[in-house]
Amino acid sequence: MTRLAESSEQRYRALVESSRGLICTHDMAGVLLSVNRAAADRLGYAVDELVGRSLGDFLAPSVRAQFPQYLERLAHASGDEGLMLVATRDGEERIWSYSNVRCQEPGGPPYVLGHAHDITDIKRSDARAGEAEALRSVAQLALATAHEINNPLTVIIASLQLMTSRNQVPPEAAGYVERAIRAGEQIRDTVRNMSRITRLELSRQSPQLPPVLDLRKSSDPQG
Amino acid sequence: MPDPRILVVEDETNVRELEAEILREEWEHVDTAVDGTDALRLLAEHVYAAIVSDLAMPKLDGRGLYEEVERRWPSAHGRLVFVTGYAEAEEYDAFLRQSGVPVLAKPFTIADLIGAVQRAFSPA
Numbered sequence: 015m016t017r018l019a020e021s022s023e024q025r026y027r028a029l030v031e032s033s034r035g036l037i038c039t040h041d042m043a044g045v046l047l048s049v050n051r052a053a054a055d056r057l058g059y060a061v062d063e064l065v066g067r068s069l070g071d072f073l074a075p076s077v078r079a080q081f082p083q084y085l086e087r088l089a090h091a092s093g094d095e096g097l098m099l100v101a102t103r104d105g106e107e108r109i110w111s112y113s114n115v116r117c118q119e120p121g122g123p124p125y126v127l128g129h130a131h132d133i134t135d136i137k138r139s140d141a142r143a144g145e146a147e148a149l150r151s152v153a154q155l156a157l158a159t160a161h162e163i164n165n166p167l168t169v170i171i172a173s174l175q176l177m178t179s180r181n182q183v184p185p186e187a188a189g190y191v192e193r194a195i196r197a198g199e200q201i202r203d204t205v206r207n208m209s210r211i212t213r214l215e216l217s218r219q220s221p222q223l224p225p226v227l228d229l230r231k232s233s234d235p236q237g
Numbered sequence: 780m781p782d783p784r785i786l787v788v789e790d791e792t793n794v795r796e797l798e799a800e801i802l803r804e805e806w807e808h809v810d811t812a813v814d815g816t817d818a819l820r821l822l823a824e825h826v827y828a829a830i831v832s833d834l835a836m837p838k839l840d841g842r843g844l845y846e847e848v849e850r851r852w853p854s855a856h857g858r859l860v861f862v863t864g865y866a867e868a869e870e871y872d873a874f875l876r877q878s879g880v881p882v883l884a885k886p887f888t889i890a891d892l893i894g895a896v897q898r899a900f901s902p903a
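Protein chains in written order, with the working numbering: chain L, 15 to 237; chain A, 780 to 903.
Note that these hints are calculated values from the structure, not bench results. One thing to keep in mind: the hints can contain errors.
Said to hold, decoys possible - Now the in silico label distances, taken between C-beta atoms and shown as ranges:
| id | chain 1 | residue 1 | chain 2 | residue 2 | range |
| --- | --- | --- | --- | --- | --- |
| 1 | L | L155 | A | N793 | 19 to 25 Å |
| 2 | A | H808 | L | A197 | 43 to 49 Å |
| 3 | A | E846 | L | L155 | 26 to 32 Å |
Stated by the list, open to error - In silico negatives: residues of chain A with every beta carbon more than 10 Å from chain L:
| id | residue |
| --- | --- |
| 4 | N793 |
| 5 | D817 |
| 6 | G843 |
Beta carbons are placed, not taken as given, at the ideal position from N, Cα and C, and that holds for glycine.
Using the sequences provided together with the hints, build the complete structure.
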């Protein structure tokens with residue numbers, strides 16, 4: 015190898031080693047030939063622990079069975095790209111966006127040059143934003159519903175009370191009217207608790223829906 | 780207070796008529812308005828001991844009514860009571876805190892409504 019070629023390879027190695035991108039090469043059976051420091055660090059292993067093992071070993075168990083299909087695609091195409099769910103040494107699942115190409119140097123066997131970015135945080139952030147948006151929609155619907163219920167409920171409760179206070183309820187119907195008022199008050203309490211919960215959730219901008227939305231168990235002492 | 784006059788401002792017909800009917804059990808003179816604009820017309824004609832108003836209404840809402848009353852009849856704005864469907868209060872939270880107008884949540888009881896009006900006669 016000429017000095018020029020050596021110098022070029024050193025620059026190439028330095029570039030790969032210092033890259034924050036996740037770079038590896040593997041043979042056509044998926045066995046890792048080289049891995050850069052960033053990829054090894056992200057998986058929680060030393061580079062030496064990865065080289066010689068199958069890339070498939072580092073996929074999350076739930077997707078590991080799809081690894082042969084990935085290799086099959088690479089055997090018949092110049093490259094493959096998509097999302098890869100990997101598992102770190104401590105079992106955390108991470109999402110990598112990869113773009114891998116098949117290479118072959120003159121006289122050598124074909125191999126795959128892989129390049130990936132860890133997009134787990136972006137994906138999770140997108141998911142949280144989606145959940146927050148869904149929560150906002152649910153909460154706004156709940157508040158609008160509460161408003162629409164309160165007007166007719168006002169008429170029902172107050173009309174029944176008015177009938178009672180005017181002695182317009184026959185004695186044999188008094189129990190029914192009393193029960194209807196209590197039921198109306200129960201609806202009133204439920205709607206108020208629903209509004210409190212949704213307003214609280216809206217103000218928190220919580221990404222998570224409440225695990226148990228029990229409207230009868232509001233934290234409000236008057237609820 | 781001799782012969783107090785009360786104004787009910789509410790765009791929902793059923794609620795408006797019911798509020799007026801409840802208040803007429805206690806007081807003789809109860810007028811009704813369908814929104815804030817209608818209320819301003821009546822306020823120009825009569826002096827009211829209490830103004831019971833919805834918050835969310837077409838044309839002129841409770842906030843608009845409060846601002847007009849404060850501007851045109853400064854002594855009357857302390858006699859306002861807002862009645863709200865609760866949920867809409869969020870939209871008006873800052874205004875309600877700032878104005879200090881008492882708020883009665885729907886659905887109210889007869890006693891709630893009468894009590895709120897009595898308190899409006901002699902605001903703190």
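For each hint, the structure was consulted:
1. L155(L) with N793(A): 19 to 25 Å: 24 Å, holds
2. H808(A) with A197(L): 43 to 49 Å: 35 Å, violated
3. E846(A) with L155(L): 26 to 32 Å: This hint holds: roughly 31 Å between Cβ atoms.
4. N793: 5 Å, violated
5. D817: Since the minimum Cβ distance to chain L is about 18 Å, D817(A) lies beyond 10 Å and the statement holds.
6. G843: 19 Å, holds
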